[in-house]
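K.L.:
Protein chains in written order, with this note's numbering: chain A, 548 to 712; chain B, 17 to 303; chain C, 293 to 1097.
Since the hints were made in silico from the structure, they are not lab data. Careful: at least some of the hints might be erroneous.
To be verified - Interface residues of chain B toward chain A, partial, derived using beta-carbon atoms under 7 Å:
id : residue
1  : 25
2  : 55
3  : 56
4  : 58
5  : 61
6  : 62
Glycine included, each C-beta is placed from N, C-alpha and C at the ideal position.
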Amino acid sequence: MSKQLVSMTVNGKKVEKAVEPRTLLIHFLREEMNLTGAHIGCETSHCGACTVDVDGKSIKSCTHLAIQCDGSDVLTVEGLANKGTLHALQEAFYQEHGLQCGFCTPGMLMRAYRFLQDTPDPTEDQIRMGMSGNLCRCTGYQNIIKAVQSAAKKLRAQAEESVAA
Amino acid sequence: MIPPSFGYSAPRTLPEALQLMVLHGDEAKIIAGGHSLLPMMKLRFAEPAHLIDINKIPELKGIREENGLIKIGAMTTENELIDSELLQQKVPLLPEVARLIADPQVRNRGTIGGDIAHGDPGNDHPAIAIALDAAFILTGPKGQRSVAAANFFLGTYMTDMQSDEILTSIHVKPFSSKTGSAYCKLKRKTGDFATAGSAVVLEMSGGFVTSARIALTNVAPTALEAKTAAAALVGNILTESTIKAAVDAVTTICDPAEDLRGDIEYKTAMAGEMTKRAIRIAASRCK
Amino acid sequence: MNAPITESQISERQEALQGMGESRLRKEDARFVQGKGNYVDDIKLPGMLHMDIVRAPVAHARIKKINKESALAIPGVYAVLTADDLKPLKLHWMPTLAGDVQAVLADEKVHFQMQEVAVVIADDRYIAADAVEAVTVEYEELPAVVDPFKALEAGAPVLREDLAGKSEGAHGKRYHHNHIFTWDAGDKEKTDKAFASAQVTVKQDMFYPRVHPCPLETCGCVASFDPIRGELTTYMTSQAPHVVRTVVSLLSGIPESKVRIISPDIGGGFGNKVGVYPGYVCAIVASIVLGRPVKWIEDRIENISSTAFARDYHMAGELAATQDGKITGLRVNVIADHGAFDSCADPTKFPAGMFHIVSGSYDIPAAYCRVDGVYTNKAPGGVAYRCSFRVTEAVYLIERMVDVLAQKLNIDKAEIRRKNFIRKEQFPYTSPFGFEYDSGDYHTALDKVLKAVDYEGLRKEQAATRANPNSPTLMGIGLVSFTEVVGAGPSKMCDILGVGMFDSCEIRVHPTGSAIARMGTINQGQGHQTTYAQIIATELGLPSEVIQVEEGDTSTAPYGLGTYGSRSTPVAGAAVALASRKIHAKAKKIAAHLLEVSDNDLEWEIDRFKLKGDDAKFKTMKDIAWAAYHQPPAGMEPGLEAVHYYDPPNFTYPFGVYLCVVDIDKATGETKIRRFYALDDCGTRINPMIIEGQIHGGLTEGYAVAMAQQLTFDAQGNIQGNTLMDYFLPTAVEAPKWETDFTVTPSPHHPIGAKGVAESPHVGSIPTFTSAVVDAFAHLGVTHMNMPHTAYRVWQQLQESGVTA
């Protein structure tokens, strides 16, 4: 089928490309944009390794067409750090040993990023529910939960500081 | 993993969408949240030649109260149902069921309209809609019509919706202060379809059940309304024996398919158990 | 006179090393948290093409015709290859690790559903997917065999026509056309006598279902043949790149020196990525034929359905014992369902792996086990899914049998274990199967766990729950005290395709005091970049932060047998220590030279050699490194490096005690894991943080296997539950919360006393869950329930036992 033009912002940069309608967002990001952080772990929309942030929402990019992102604002794990300074979540996953093989990690980070924006002071059960769209085979989730809790605390403190300032 | 090629349109208005449906006929499918359709296309179980994306039509979104009815745009996502203060107050069963569907990411895309229109007996909203005595507003080239949820589901993947219609809105009556509801869904893990699910809406007064609606998920080729079970409760106090009568009536009408979730005996028994629990919880929520 | 060195100075220097024993953060994390990991599917080479696979929709059939034309007509499709195209290269079949052969592409016959029938190569994966749909194949279906017992019946369909007339397999005589091997161990006669004269015997059949390791990253490769240089480079999701290099060289005829296998970052292995799959072979062939790189990445459904499964053991266990519970004999018979080809990843001499660890933690005087392998119309295998070869099956068997015996004799499950444990003084202990267990202290571990959970209190609570007819739940307490055998292995016993199962390490210290080290293993999340650096840091007194660890590139890493079966720490870890010690020995000589003293006057302290009795006269390893390049002593080679190939003298025997409390919903059959307490002893602990993370992961995978994972087949051989909708991978909601504990009983034969740990939680937890679930029903006379313990299956037991909510 003939390609259509799609225009979106990815990690703050405007992008315009011609894509086949059937091009999945995950492939657009990985192949066209060379952003290989988001991964593919299944084809039935279960594993969440492909999770990115689209227009302020966590989306499984394997179940989203690139063309559906026309006019959208997309954030991937490559856009989390701020000019070389790791995001609180990235730092927390490192500190709390929330990763082993690293394959689920970008999806976990992007999901946790949006989850903490929506729920800045979550209980453990809320974190488990909030992360239930992301599978991990290595960690058993326990340290991932700790990492999210630790990042939540740090982000709340940062928010309080900037309110006070 | 890779869908076959297709053409794509993203209309901005409902009339535009309807025109595209007429133009493409059988070759086109509507894509709402896409989390039922796209996985099927990726596995090449569905191969529509053209997709009509209705995500950019504003009049399909929004939840409002109007003329004594709660009107929910068909393209309202599951997360929007959960976050709606209006629904939390007036139709709490909807946010409750939305929490039990899929996972957080899927809930950002999955819509109440898509869940209903697909006709999948495993989906949860059909039974909820039946229990709420909801009306579905279908819009076609000739205008709008309203179909009661109880009459909408005809068979597996078969609904009363015609090929030139779009489900545009779901209308439900706000709960009275005497109404309590619950949805109990037995599932193997978060995000799974129901092994069996039971939706119960009760109205109670002075300890007596004044009205009841019960509907079941995934224990038949469509969502099932359990009329006899509901009738067994009406006019009675909820005792172990009235609840048992309702549960027995539920198990009588179950017709589940055996699959990896369980055999017919198990699913039927679980439909009964979920009903029992939903009745108790719904009753406890009647003020 | 200088002030004597203080304790805080010592600990400062210790800390600066971040060596063994420290829970130091991981060196590999920086790239993973920034999405800069380098997995196979991330690799893009100029001119790269994509390969996809046409698979059989039926389990057993003759191939009548394969129609390529429509596929070849699609623009962007370069080739469609079938077995006929591989025949001239003699690559349509390939040898397996288990001495069998496996079809690379189905050769006139399909043996399992989803078997590879043809491959297409195209410009991109989208076109390749279209081309797969366009290839049409005509099949003539044959009756499928899915039951291994029926497979051995007289009139059963012949599955392996290619083995017609071959009454000898790689492991001895074949008794039936669908029989693969018979393997046994122990003393049959002595064991039969023990049973014949026993006061008590118990028997229990049990099934360990077919499951699949299902790592989050599927298998794949990028094969790149350079026609100008005649060199083949292949990036591959491989847990054993050197072995693959040797195999590829043998199969292709390209000299091993011109074959390079690179295992980059791997998204989980768990045994799934040990074998050589048809996809790899076809991608390599395609690359050679087309002279361009070819990428192949499988889908999840392909991964679950066609890559090596695990388990599928039908076991019959028996124990002989005295009236007061002392075990006098163990007898086990197993029917092993290997699917259509025996591609089991075992050391060559052991077609049933280390199953003969089945006498477990117990001092059993007479034991015998026999395993018969069988062909069926299922995917080939099996592999060691997060375990050492067949150790999950063995540990499951013995732990279940001990429970069954306890129940028969009405002896507490902890007591009967205590009574039968190998005692600390008995180590090194030779089992009735000939394993020499290196070290263990089972009694201490058991006592520690029982105390931590207040075992008596739990039993009291259980009694009260049982006595209460209104209790909505049944309560169960599961207990397992496992010993497993890892670290394959001594080359006299263990080889993969003839290559001894040693492993290796090469270390080079740079002039300015940092170092690079390479090993023959390859991690898939285990943290080798950190833990190996920690070993070297302690051995050499250089900070782990500046020790670069590389694995996985066969052109640079010394030959090793890879990472699976928990062998990295026991084997390569030993090589790391011993290579370090070679450097350490040379460094001492340099230090002596620099300080103008004799070697004997020096002692080693954390990061330096110092003169005995004079803290002021010392040379740090950093100083020595410079000297090694600057001005080594006369007659000494410059440089500071070493390589060591370690052939382990023995396996290692990690052990543990796990206890689980469950509450079963009487109405639905759902099981809630109330508590899981896991005590592990892996000997010396290199990085406690990493160990704990591994334990969490292994326990979670064990939970999945015991409670809900299974791959089943219908009568026609159609695989069921092969997507993530049905194949159970727990989310953070289902995953129980884990409590971990440890004891330390070093391995006396290992240079740093370490045993390996990451698979113990998987091996040990699975029988613990069964033990708990069965325990919930034990008062009703239930002695065993087969896995998986889904709500549905537990509910069926509730009905059978007459339990009502």
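K.L.:
If a hint holds in the structure, say so; if it doesn't, say that too.
P.N.:
Okay, the hints, checked on the actual structure:
1. Given hint, residue 25/B at the interface with chain A, is violated; its Cβ is 9 Å from that chain's nearest Cβ, farther than 7 Å.
2. Given the 7 Å rule on beta carbons, the hint for residue 55/B holds: about 5 Å separates it from the nearest Cβ of chain A.
3. About 10 Å separates the beta-carbon of residue 56/B from the nearest beta-carbon of chain A, more than 7 Å, and the hint is not met.
4. About 5 Å separates the beta-carbon of residue 58/B from the nearest beta-carbon of chain A, less than 7 Å, and the hint is met.
5. For residue 61/B, the interface hint is violated, the least distance from its beta-carbon to any beta-carbon of chain A being 11 Å, above 7 Å.
6. The interface hint given for residue 62/B is broken, as the beta carbon of that residue sits about 13 Å from the closest beta carbon of chain A, more than 7 Å.
The structure shown violates the earlier hints numbered 1, 3, 5, 6.
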